[in-house]
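Here are the chains, one letter per residue:
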Amino acid sequence: AQSVTQPDIHITVSEGASLELRCNYSYGATPYLFWYVQSPGQGLQLLLKYFSGDTLVQGIKGFEAEFKRSQSSFNLRKPSVHWSDAAEYFCAVASGSGNTGKLIFGQGTTLQVKP
Amino acid sequence: GAGVSQTPSNKVTEKGKYVELRCDPISGHTALYWYRQSLGQGPEFLIYFQGTGAADDSGLPNDRFFAVRPEGSVSTLKIQRTERGDSAVYLCASSLGTSGAEQYFGPGTRLTVT
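Chains as they are written, first to last, in our numbering: chain A, -7 to 107; chain B, 12 to 125.
These are calculated hints, taken from the structure and not from any lab test. Heads up, a few of these hints could be off.
[Stated by the list, open to error] Some but not every residue of chain B turned toward chain A, in silico, with C-beta under 10 Å:
id, residue
1, 14
2, 46
3, 58
4, 69
5, 117
Cβ atoms here follow ideal geometry from the backbone N, Cα and C, with glycine treated the same way.
Looking at chain A on its own, in the form it has when it is part of the complex:
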C-alpha cells in the first residue's frame, strides 16, 4: 500500500537558518508528490509538486524540493527561514487506481522558528 513517512514530528530552527524537512514515500510506480503547508486557522496550501522531469522543483515562498528515486525521498528545503514560515508541513503522494488523484498524506512536521 502507498504510504508517506515524515520522520520528524517537530523541528525548531533559528530565523535565517536553512531548513530541510524529510519525506519518504512508498509507491509502486512513478509518484506524483506534493508538499502542503497548513498555518493555524488556515487551509492547506500547496507549496510545490513533482510529476516528472527535473528532479529539483521550485515552489512558492522560496521553497524547493528534490525527488530522489533511489532513496524514495522528496525532501523540502529553504535556504533562509523566516518567522512567518512557522506552520505544519505535509508531504503527500497522489494515489489510487485510475488516477483519481486522492492524496495520501504523511503525519506532518511542525516547524517552529526561533527569533
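Go by the hints and put chain B onto chain A.
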C-alpha cells in the same frame, strides 16, 4: 476569486446524533474530495467525486458515513449515529481535474462529538 468554503466552521453534537457538513467548491471544479484530519495527524482521504458521482469512496470508515453531490457542485458529508471517535476536522478540496491537478482546500469543519 472565492475559494472552497465549508459550513459550519464548528459543530458540536451529542453522541448518537446525525450531522451534515457542507462544502462549496471553487466554481467550475469538477473534482471534489473529502478528507478527515485527526489531531496531530495528516489528512486522511474519505471520498472523491467526479461530477455528481462518487468515483472512489474507499476511505469512508463505515456505513455511518455518506456523501452526496447531486448537482455536481455543492457536496454534503453526512454522518449518522455519531461517535466520539468521529471528532476531527473534516476538510474538503476541489480541483479542475484529477491526477496531478492541484487540490484547493477549504478551512475545514471542526466536529466535536460529546
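Each hint tested on the structure:
no., hint, in the structure
1, 14, "holds (7 Å)"
2, 46, "holds (8 Å)"
3, 58, "holds (9 Å)"
4, 69, "holds (8 Å)"
5, 117, "holds (6 Å)"
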